[in-house]
Structures are given as C-alpha cells and as structure tokens.
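K.L.:
First residue of the sequence shown: 1, per my numbering; consecutive thereafter.
Treat the hints as calculated values from the structure; they're not laboratory data.
Treat the hints loosely; a few may be bogus.
[Said to hold, decoys possible] Listed next, with one range per pair, are the computed distances between beta-carbon atoms:
1. T230 to R33: 34 to 40 Å
2. R373 to E270: 45 to 51 Å
3. S84 to P22: 25 to 31 Å
4. G211 to I133: 32 to 38 Å
[What the hints assert, rightly or not] Derived lysine-lysine pairs resembling DSBU-like cross-links, with alpha carbons at most 30 Å apart:
5. K35 to K86
6. K298 to K328
7. K70 to K119
8. K245 to K224
9. K86 to K70
10. K35 to K113
11. K322 to K273
Just so you know, even glycine gets a beta-carbon here, dropped at the ideal spot from N, CA and C.
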Amino acid sequence: MVAGEDNGFVNAIKKVSLEDIPEGNGPSGKAIREKRSIIVNDIENDSLMNLWKDEALKRGFLSLMSVPIKKFDKIIGVFCFYASEKNFFDAEEIALLEEATSDVAFALEIFEKELLRKKVLEELIESENRYHILTEISPVGIFRTDAQGFTTYVNPRWSEISGLPYEKALGNGWHDSVHEDDRITLLNGWENATDQHEHSLSEYRFVRPDGKIIWVIGQAIPEKNALNQTVGYVGTITNITERKKIEEEFKKSYQKLESIIDAIPDLLIEIDKEGIIYNYHSHREDLLCHSSSGIIGKSFTEVLPSQAINSFKLALEEVSIKGFSTGKQYSLELANTTHWFELSIAPMEENKNNENHFICLSRDITLAKQSERELQKSKERYKDILNNLDAGFIPFLSIDS
1 MVAGEDNGFV
11 NAIKKVSLED
21 IPEGNGPSGK
31 AIREKRSIIV
41 NDIENDSLMN
51 LWKDEALKRG
61 FLSLMSVPIK
71 KFDKIIGVFC
81 FYASEKNFFD
91 AEEIALLEEA
101 TSDVAFALEI
111 FEKELLRKKV
121 LEELIESENR
131 YHILTEISPV
141 GIFRTDAQGF
151 TTYVNPRWSE
161 ISGLPYEKAL
171 GNGWHDSVHE
181 DDRITLLNGW
191 ENATDQHEHS
201 LSEYRFVRPD
211 GKIIWVIGQA
221 IPEKNALNQT
231 VGYVGTITNI
241 TERKKIEEEF
251 KKSYQKLESI
261 IDAIPDLLIE
271 IDKEGIIYNY
281 HSHREDLLCH
291 SSSGIIGKSF
301 TEVLPSQAIN
311 SFKLALEEVS
321 IKGFSTGKQY
331 SLELANTTHW
341 FELSIAPMEE
351 NKNNENHFIC
361 LSRDITLAKQ
371 SERELQKSKE
381 RYKDILNNLD
391 AGFIPFLSID
401 S
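From just these sequences and the hints, can you work out the full model?
P.N.:
This is the structure we're talking about:
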C-alpha cells in the first residue's frame with residue numbers, strides 16, 4: 001500500500017526479501033528481522049540503500065525510516081517513511097512515527113479481536129440453535145439446571161414424560177410430581193450430587209396429573225465453563241415404564257416358579273451334556289451324598305455313588321434317543337438305611353450360549369418300595385396259609401343276595 005506521491009518508486013525498485021541476502025539487508029528487511037526501527041538519514045551515502053538509492057535519488061528521496069508493524073507480538077509488515085531532506089528523522093520525529101505505527105497495530109489488534117468475537121458469537125448462536133433443535137426433537141427428556149441444581153429448562157419430551165408443563169417444571173417445581181416413596185431418596189441424592197459436582201444417576205417414578213405412574217431413569221452431568229467451574233447441570237430422563245412392567249412380571253413368574261419348586265419334595269439337579277452340575281434344589285439335605293456347598297461346578301460322577309452314576313448314564317443315553325427318560329431306579333445306603341430313588345431326566349431349552357442343559361428329578365420312593373415289599377410278604381403269607389389248610393372254601397350265596 002502506498003500513501004502520497006511515490007512517482008513509481010515502489011514499482012521500480014527491486015523486491016525486498018526477508019532473508020539474509022542483499023535484497024533482504026536493506027532498511028525494510030532489517031527492520032522486520034531485528035524487530036526495530038531502522039533510520040537512514042542519508043540515502044545517497046548509506047550502504048543499506050545501495051540496491052535502491054538510484055531510484056530513490058531520482059525521485060528526490062534523501063531520508064528513510066522503516067518501522068516494523070507488530071500485532072500481538074508478531075511482525076506482520078513494515079511502514080517505510082521517505083523524506084526529501086537529509087537528516088529529516090530526528091528523535092522527536094522518530095518517536096512520533098513509532099507511536100503512530102503502534103496506534104495502527106493496536107487498531108489492527110482491536111479489529112481482529114472484533115472479527116474473532118463476531119465469529120465466536122456466530123458459532124455460539126449456531127451451536128445454540130443446533131442444541132435447541134436437537135432438544136426439541138429428542139426422543140428423551142432433557143433438562144438443564146443452574147449450579148445449585150434449580151431447573152432452568154426442560155424440553156417438550158420431558159414435559160410429555162412427566163406430565164408437567166414447562167412453567168411448573170422450573171426451579172424445584174418438579175419435586176411435587178415425584179412419587180412420594182421415591183422423593184426423599186431422590187432429592188437427597190440430587191442434593192449430594194450438586195454439592196459434590198458429581199454425575200447423578202437414579203431410577204424413580206413420576207405421578208402424572210391423571211394419576212398414571214411413569215418410571216424413568218434420570219442422569220445428569222456437571223456443565224463446566226472455560227475455568228473448569230461448574231455452572232450448571234445437563235441431564236436426561238428416559239421412560240422405562242414398560243421395562244419395569246416386564247421386570248415385575250418376570251419377578252412374579254420367578255416367585256411363582258420358586259413356590260412351585262419349593263413345593264416339590266424331590267431332588268432337582270441341572271446338568272449340562274458333560275454332566276457338570278449347574279444348579280440344584282432339595283429340601284432333604286440328609287438325602288445328599290455330599291454337602292450342598294460342594295456340588296455346584298462338579299460332575300455328577302464326582303459326587304454320586306456308583307449305583308446312581310450308572311442310572312444317570314443310562315437315563316442320559318435314553319434322553320439322546322427318546323428325548324426324555326423316566327423310571328430309572330437305584331438305591332443308596334444313607335445313614336445306615338437303604339433309600340430307593342426313581343430318576344427322570346428331560347432336556348431344557350438352550351441357554352444364551354447355545355448350551356444344552358438337562359433337568360434331573362430324583363424322587364425318594366423308599367416308602368413305596370417298603371409298601372411293595374410288605375404287600376408281597378402278605379401275598380406270600382396268605383398263599384402259604386391257603387396251601388396248608390386241610391379244608392376247602394365253599395362259596396355260599398344267600399337267597400336274598
């Protein structure tokens with residue numbers, strides 16, 4: 001940029017370099033490299049102007065001052081002031097021009113800061129707009145609070161889930177909609193999280209104005225400023241009512257199944273195809289050959305006597321052929337008493353790891369076996385009595401009958 005009459009001087013002179021070469025060792029190159037003003041008060045005789053003095057003298061330039069332009073401590077250019085008098089640049093003139101250059105540099109800094117501020121502001125507005133759009137269409141409820149935990153914003157989905165309009169949700173207004181059984185625990189946890197500037201995670205219930213109960217999982221994280229200070233919290237709530245219903249149904253089904261199993265007097269064992277025991281259930285610890293604490297994870301061949309092992313193996317072979325097995329009987333000597341058992345095995349559904357497990361039911365039939373023996377003894381005794389009688393039995397029917 002040229003101000004004033006240069007009479008074609010700028011176009012006529014050789015280009016100035018910033019390198020340490022002849023074209024870079026003039027006043028301008030030296031001022032930029034050394035970051036200080038360079039004064040040439042006699043262009044005709046000063047060696048710094050050897051490459052440019054002829055063109056300068058043709059146009060009547062006798063003195064020169066080069067002042068570097070510094071913006072944010074970085075040299076971005078140089079001002080070259082030419083005068084038609086020798087020794088024109090005295091201390092007062094030098095100070096004045098250096099001050100003027102500083103003013104220009106300061107103005108450039110202000111201008112750049114303002115451009116940067118506007119750019120940041122535009123980006124912030126754009127980011128806020130994107131955030132607002134995302135929160136408005138988000139499938140989860142979103143809320144924001146100040147540093148003390150008082151709600152300052154909720155999105156439409158939050159109001160839809162909780163049943164509270166925007167205005168009533170602000171501040172601590174949402175507290176009254178929390179189920180009374182969850183309120184104290186939730187608010188104590190929220191207060192602790194905001195005091196400690198920590199992440200918050202909890203499950204709780206909202207009671208909507210129509211009385212409908214909505215389960216949600218809520219979480220919030222601290223929002224930090226550039227100084228890493230907590231200025232608020234951003235959080236979400238997700239409707240998990242259907243999940244809770246499924247969990248409750250599963251819990252009821254599980255409790256029902258447990259009740260049914262508890263009512264079964266037999267020994268139940270879950271094994272895999274290798275015979276490893278995964279679970280068991282029994283009301284009769286006295287009918288176990290080993291302590292119940294030592295059964296899980298072992299093979300049935302490690303914990304059962306040989307008579308039972310053979311029955312289990314035969315039953316498993318039958319399962320592989322028929323799909324089930326029933327009626328395999330075996331006896332064990334337990335507490336100096338012979339106990340009889342009847343074994344049944346059926347396959348279970350494949351688990352999540354695609355493993356085949358089997359449920360084994362071993363029923364104590366000792367009493368039935370004893371009754372069977374007593375009945376057989378009675379039959380044999382009566383047979384012997386009949387065989388030893390001298391008289392015979394004559395059937396007699398009365399006329400009335």
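K.L.:
Honestly, which of those hints from before does the structure not fit?
P.N.:
1, 2, 8
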